[in-house]
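Throw the hints in and build the complete structure from the sequences for me.
Those sequence lines, one after another, are chains A and B.
With numbering that gives the first Met the number 0, letter number 290 in the first sequence gets 289, and the count goes up by one each step, no holes.
With numbering that gives the first Met the number 0, letter number 93 in the second sequence gets 92, and the count goes up by one each step, no holes.
These aren't lab readings, by the way, just hints derived from the structure by calculation.
Take the hints with a grain of salt, since some may be wrong.
To be verified - Simulated pairs of lysine-lysine, DSBU-like, Cα-Cα distance not exceeding 35 Å: (1) B:LYS78 <-> A:LYS105; (2) A:LYS84 <-> A:LYS63; (3) A:LYS272 <-> B:LYS46; (4) A:LYS105 <-> A:LYS82; (5) B:LYS46 <-> B:LYS16; (6) A:LYS272 <-> A:LYS242; (7) A:LYS82 <-> A:LYS61; (8) B:LYS46 <-> A:LYS63; (9) B:LYS16 <-> B:LYS78; (10) A:LYS61 <-> A:LYS3; (11) A:LYS272 <-> A:LYS194; (12) A:LYS3 <-> A:LYS63; (13) B:LYS7 <-> B:LYS78; (14) A:LYS63 <-> A:LYS105; (15) A:LYS187 <-> A:LYS63; (16) B:LYS46 <-> B:LYS78; (17) A:LYS272 <-> B:LYS16; (18) B:LYS16 <-> A:LYS187; (19) A:LYS105 <-> A:LYS84; (20) A:LYS61 <-> A:LYS84; (21) B:LYS16 <-> A:LYS194; (22) A:LYS82 <-> A:LYS3; (23) B:LYS7 <-> A:LYS242; (24) A:LYS272 <-> B:LYS78; (25) A:LYS242 <-> B:LYS9; (26) B:LYS9 <-> A:LYS194; (27) B:LYS9 <-> B:LYS78; (28) A:LYS105 <-> A:LYS187; (29) B:LYS9 <-> B:LYS46; (30) A:LYS105 <-> A:LYS272.
Unchecked claim - Beta-carbon label-pair distances, calculated as ranges: (31) B:SER22 <-> A:LYS84: 43 to 51 Å; (32) A:LYS82 <-> B:ASN80: 50 to 58 Å; (33) A:LEU299 <-> B:SER22: 19 to 27 Å; (34) A:LEU299 <-> B:GLU40: 34 to 42 Å; (35) A:ASP153 <-> B:LYS16: 41 to 49 Å; (36) B:TYR71 <-> A:LYS63: 35 to 43 Å; (37) B:GLN84 <-> A:GLN297: 21 to 29 Å; (38) A:LYS105 <-> B:GLU55: 25 to 33 Å; (39) B:GLU40 <-> A:LYS63: 40 to 48 Å; (40) B:GLY4 <-> A:SER56: 58 to 66 Å.
Each residue gets a CB set at the ideal place from its N, CA and C atoms; glycine is no exception.
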Amino acid sequence: MRYKSVLDLIGHTPIVQVQSLSPVENVRLWVKLEGQNPTGSVKDRIAVALIEAGEASGELTKDKTILEPTSGNTGIAMAMVAKLKGYRFTAVMPDNASHERVSLLKAYGAEIIFSPGEEGTNGSVAMAQNLAADDAYYMPFQYGNLANVQAHYDGTGPEILEDLPDIKAFVAGLGTGGTLTGVGRRLKEHNPDIKVFAAEPEFGELVYGLRSLEDGYVPPIFDPDVLDGKVKVTARDSIVWTKALLQQEGIFAGISAGACIWVAQRVAERLAKEGGGDVCCLLPDGGWKYLSTEAWTQELDVATEQVEDVLWW
Amino acid sequence: MATTGAVKVKIPTMFRKLTGNESEVDLAPGTIGQLIDQLDERFPGFKGQIMNEAGELHRFVNVYVNDEDARYLEQLETKTNEGDQVALLPSVAGG
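Structure (structure tokens):
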């Protein structure tokens, strides 16, 4: 296979059956491997969509620096796309993002501005919004830009329907809400009976600790009505099932993958009583950026502690 | 203190100044709305922190019953039973 540019490798990710992780025989469990994208995460899809939307509207010009708040993956993807298209890129990121994310961003030539880790991604959003008042920056803003949702409506959603036309339920993590809103809408247009579920991280005390409720955040692009359910998952359960993915199915995925599997298993148990069918989990990234947490190699208690100290979502 | 027949409610750090630093409270089973009323009786002012004047949950607070967001169950009418775990958590962004 020959391609003109690495940008042409974005999307069309494989879907693999992981039947040993399905709790019931009549539910076929599938995972869509977004770690197969060029920078290793689902965010390549939205990075190219957001930057091209800025070019198309005329707001993004060559003299501007692209600025984006991110917990890591979106920043890495944008840094790559920005480099190929000839823009400077600055990421605003919590200072407890994993070391690998920081190193990758630097490798792609990004500048990094750190926000306080205890404020989580919400702190990065607030800081980036202040910085973006400066005309030297163009902020695509994944949390508020409909090009994020559109990338999944046009790309991820149809890809899933092509591979699993009779899909009964879809599960993905809730971050910006872009994947769930875009894919969810597309699937429900195809068949309104398809169920859409969100997996949500339950962070350690540290991440919630200093926050007041007024510092909370719900991304403007997220459409809560597209969901049929939302389930929180602890770092511990996420690690257990991320390890099982590797040990039982040979799939090396990021920590949030385990959270999606955990939720998909609950969904599968319910679906089993209604005749079963296909359930698809979107796994947003590969495991590489989480190696320093020792999630796969340490005993569970130690690994959980080390994962809770970094932003694993 | 664990009480049999109770629903366990997990209180996030930001509300613990209202609960005298208790991180988990045992309440009598009931709907989510009734649990919030019980919390407000024990810890005056609690309700005002997590609900607006229209009596709806603050949009940045999520209430989970056994890990499921009550917004997708029966909202404030969601019933809880003995042994259930309820958690209140603020919403956060990812990406």
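Quickly compare the C-alpha distance for B:LYS78 and A:LYS105 to 35 Å and report which way the hint goes.
-> Violated, because 50 Å separates the two Cα atoms, which is more than 35 Å.
Could you tell me whether the CB distance from B:GLN84 to A:GLN297 stays inside 21 to 29 Å?
-> Taking Cβ atoms as reference, B:GLN84 and A:GLN297 lie about 27 Å apart, which means the hint holds.
Can you let me know if the beta-carbon spacing of B:GLY4 and A:SER56 is within 58 to 66 Å?
-> Check passed, 60 Å falls within 58 to 66 Å.
Can the restraint linking A:LYS272 and B:LYS46 be considered satisfied, given a maximum Cα separation of 35 Å?
-> Violated. A:LYS272 to B:LYS46 sits at ~39 Å, over the 35 Å cutoff.
Below or equal to 35 Å on CA atoms is what counts here, so check A:LYS272 against A:LYS242.
-> holds, 28 Å
For the pair supplied as a hint, B:LYS7 and A:LYS242, confirm whether the alpha-carbon distance does not exceed 35 Å.
-> holds, 30 Å
Compare the distance between the alpha carbons of A:LYS84 and A:LYS63 with 35 Å, and conclude whether the hinted pair is satisfied.
-> Status holds; Cα separation ~12 Å.
Taking 35 Å as the top limit, are the C-alpha atoms of A:LYS61 and A:LYS84 close enough?
-> Status holds; Cα separation ~9 Å.
Quick one: are A:LEU299 and B:GLU40 within 34 to 42 Å, going by C-beta?
-> holds, 39 Å
Hey, A:LYS272 versus B:LYS16, does the alpha-carbon distance stay inside 35 Å?
-> The given pair, whose Cα atoms are some 45 Å apart, is violated under the 35 Å limit.
Pair hint outcome, B:LYS16 versus B:LYS78 [Cα-Cα no greater than 35 Å] = holds, 27 Å
Below or equal to 35 Å on CA atoms is what counts here, so check B:LYS7 against B:LYS78.
-> holds, 13 Å
Hint compliance for this structure: hints 1, 3, 8, 15, 17, 18, 21, 28, 30, 38, 39 are not met, and every other hint is.
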